[in-house]
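Order-wise, the sequence lines are chains X and B. Quick note on numbering: the numbering used here labels position 162 of the first sequence as 162, and the sequence is numbered without any gaps. Quick note on numbering: the numbering used here labels position 334 of the second sequence as 1334, and the sequence is numbered without any gaps.
Possibly wrong hints are sitting among the right ones.
Claimed, not checked - From the derived model, a few chain B residues whose C-beta atoms are all more than 12 Å from chain X:
hint : residue
1    : Asp1042
2    : Val1061
3    : Gly1064
4    : Thr1065
5    : Ala1078
6    : Asn1225
7    : Leu1272
8    : Glu1434
9    : Leu1436
To be verified - Label pairs and their in silico Cβ distance ranges:
hint : chain 1 : residue 1 : chain 2 : residue 2 : range
10   : B       : Gly1236   : X       : Asn243    : 33 to 39 Å
11   : B       : Thr1128   : X       : Ser327    : 56 to 62 Å
12   : B       : Ala1256   : X       : Asn150    : 23 to 29 Å
13   : X       : Met193    : B       : Ala1403   : 49 to 55 Å
14   : X       : Arg240    : B       : Thr1128   : 20 to 26 Å
15   : X       : Met193    : B       : Val1070   : 54 to 60 Å
16   : X       : Thr331    : B       : Ala1009   : 31 to 37 Å
17   : X       : Asp325    : B       : Glu1408   : 23 to 29 Å
18   : X       : Asn243    : B       : Ala1403   : 32 to 38 Å
19   : X       : Glu241    : B       : Arg1149   : 30 to 36 Å
20   : X       : Gly166    : B       : Arg1449   : 39 to 45 Å
21   : B       : Glu1408   : X       : Lys208    : 30 to 36 Å
Quick caveat, the hints were computed from the structure, so don't treat them as lab data. Treat the numbers as computed from the prediction; the structure is a model and nothing was measured. For each residue, glycine too, the CB sits at the ideal point set by N, CA and C.
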Amino acid sequence: MAGRQAAKAIVETGPKPLSNEQELSAYRAMLLIRRFEEKAGQMYGMGFIGGFCHLYIGQEAVVVGIKLAMEEGDQFITGYRDHGHMLAIGMDANGVMAELTGRRGGYSRGKGGSMHMFSVEKQFFGGHGIVGAQVSLGTGLAFANRYKKNGKVALAFFGDGAANQGQVYESFNMAELWRLPIVYVIENNKYAMGTSVSRSSAQTDFSKRGVSFNIPGEQVDGMDVRAVREAAERALKHAREGNGPYILEMSTYRYRGHSMSDPAKYRSKEEVQKMRSEHDPIEQVRARLLANGIATEADLKAIDAEVRDIVQQSADFATNDPEPDASELWTDIVK
Amino acid sequence: MATQILMPALSPTMEEGKLSKWLKSVGDKVKSGDVLAEIETDKATMEVEAIDEGTLSAILVAAGTENVKVNTPIAVIAAEGEDASAPVAATPAPAASAPAPAAASAPAAPAIIGVAAEPVEEEYPAGTEFVTQTVREALRDAMAEEMRRDDSVFVIGEEVAEYQGAYKITQGLLQEFGDARVIDTPITEHGFAGLGVGASWGGLRPIVEFMTFNFAMQAIDHIINSAAKTLYMSGGQMGTPIVFRGPNGAAARVGAQHSQDYSAWYSSVPGLKVVMPHTAADYKGLMKSAIRDPNPVVFLENEILYGQSFQVPKGEFTVPIGKAKVARPGNDATIVSFGIGMTYALKAAEELAKKHIFVEVIDLRTLRPLDMATVIKSVQKTGRCVTVEEGWPQNSVGSEIAARLVSEAFDYLDAPVLKVTGKDVPMPYAANLEKLALPTVQEVIDAVRAVTYR
Chain X
1 MAGRQAAKAI VETGPKPLSN EQELSAYRAM LLIRRFEEKA GQMYGMGFIG GFCHLYIGQE
61 AVVVGIKLAM EEGDQFITGY RDHGHMLAIG MDANGVMAEL TGRRGGYSRG KGGSMHMFSV
121 EKQFFGGHGI VGAQVSLGTG LAFANRYKKN GKVALAFFGD GAANQGQVYE SFNMAELWRL
181 PIVYVIENNK YAMGTSVSRS SAQTDFSKRG VSFNIPGEQV DGMDVRAVRE AAERALKHAR
241 EGNGPYILEM STYRYRGHSM SDPAKYRSKE EVQKMRSEHD PIEQVRARLL ANGIATEADL
301 KAIDAEVRDI VQQSADFATN DPEPDASELW TDIVK
Chain B
1001 MATQILMPAL SPTMEEGKLS KWLKSVGDKV KSGDVLAEIE TDKATMEVEA IDEGTLSAIL
1061 VAAGTENVKV NTPIAVIAAE GEDASAPVAA TPAPAASAPA PAAASAPAAP AIIGVAAEPV
1121 EEEYPAGTEF VTQTVREALR DAMAEEMRRD DSVFVIGEEV AEYQGAYKIT QGLLQEFGDA
1181 RVIDTPITEH GFAGLGVGAS WGGLRPIVEF MTFNFAMQAI DHIINSAAKT LYMSGGQMGT
1241 PIVFRGPNGA AARVGAQHSQ DYSAWYSSVP GLKVVMPHTA ADYKGLMKSA IRDPNPVVFL
1301 ENEILYGQSF QVPKGEFTVP IGKAKVARPG NDATIVSFGI GMTYALKAAE ELAKKHIFVE
1361 VIDLRTLRPL DMATVIKSVQ KTGRCVTVEE GWPQNSVGSE IAARLVSEAF DYLDAPVLKV
1421 TGKDVPMPYA ANLEKLALPT VQEVIDAVRA VTYR
């Protein structure tokens, strides 16, 4: 068993440094996700948010690093842990938070909820509550890109849990067969709900999950925004140039439970604490910003205040915005 | 002993075909495996092989003959040393053996082939010219016309391109539109259904063919969770213009896993439109509407209807989704049916007319949205209603019609609404049991007589 389960060390690729502006924007973007999610957790506890609420805390470098590498018009599609993706792609915090509270100003006018949000304007295609569905759907977005020859690449995000769904491999097969422009981003946060990777996966190196389809893959330190950006550039280039799909396994970690109702009995507090103190994606950038003299403590405090302000505003909006009108029950069923 | 070569069946639903050419001549020596002739149906071309050694002593059906019935003797092979010119007793081989019915009450199989409904002329402007077309041709033409009209329309599914369609519905599309728009998939229903939905979000209009809807059970998550619900879940931002199509329901002798009717399942789902036509004109007009519709449309076809011919208007026309039609007018009772159920309904109506019971037959054509207004209007006139479908009885389309009539037209009913449905069993394989599992014309007649008390 030990041999089968041995975790592979993260390959240190010696990530390409970010420019000063990129470091600052990455810091701000990750901080916004972190603070937003902390607020969402609070609001869930206060009863403003119902149902399921899956927080992205700990995984911020994945979407933010990819955002640095993607081009305008590339599409995002993900599963139910989607708040971070929406904020990273530039969707409005008010609209996201108001959807979490089920208010009319939410991205889905209160009818979608945490797991079901979309923005055609930002090319964000959800927000899917069925584990693994976004992989086939994202492959369809890539199919449309190739059909229209528009030069865009679809990015389909899914977790280590979804990576065991059958339709993932159906999609891999078609994507490679037809050389579709797609990057599959496997966010390996080590736990599919409460089941660790080693208890659920015969092949725990997810970058190899495309091997039998000849899809190249690599493992990336998903806690280091530089490494994510660099790998994503490589993957996006591969896909955009007509070489077909590419798999990025992002080695990451979620600090919170699977959802708000998860007591997280399946892992130790020490394990979580170790990740937080040694690998936190935001702290890494913060340390570089200070050490390299890109920003002062005061500068960072100002960013922090600005971010807190946006988040507080979104919470205020999402608690004061009215619920959808009762007539909304019967709208948007068919066009 | 001379051997008769019989016209073979190429598929469970084939009844006749064309003997296109002979590859051997009278007097030729043949051995097992030699190709004797080529036969074709509208679905496929196949070779007839010799199964014995000998001399081809007689050709009984000339090359080029159309409509040769299955099991008709087409040639004779004389064994070694036999007088090749000796006549062969012209006993046709027993047609697909029909053992005694297991139950004395087993009703005769309905004659479901060739009862073409008269076109409802008033649906089309006066002077409209009609051509005779099979459902298969009508469907193909509908897709081809829409693909010419809109570059974003494409067809994807198993065997839709090079094979020309497992049921030949996509015949010729690859040749006209090329492999970027007519796409063979791996056998991967769940995956290509999801891919289709994603492609529709990317601005395309996919036609996703399921070889049969039985296989779409592997893909039903995307049809419902991804296609039907996304407009609502996105607060109206998104839209999924996609057609899921393929044969649905019982074919013939293919057993439980290949014979399910999904009409009631899909028609219960908000966010979908569900279409199940009967005539070739409706197949064509509704398919064109489905392709242009901004919503996901589940288009339920029927393998047995594919080869049936109907009158189809010439030129451009569409049939609106959500509109039932009166397929046959009458005053004594209303029969509500759809798809292949219409063949039982119309046949029963004809038989009942001989007994001076004149029923109005409503062809729903669309199951969601359900055109209850047309049904209620008819029941207000007749006071009686019988529903006919091949699907299972519990939670059937007929169950919904009956419930809606009770709540919306109770005062007009002079008798209970009766349902004629498939039986509440998985589809059996044995020929006699399969007949028992499906509805019959007699059951429809009996139901109408019960509700009319005649």
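* Asked: Looking back at the numbered hints, which does the structure fail to meet, lowest number first?
  -> 6, 7, 11, 12, 13, 14, 16, 18, 20, 21
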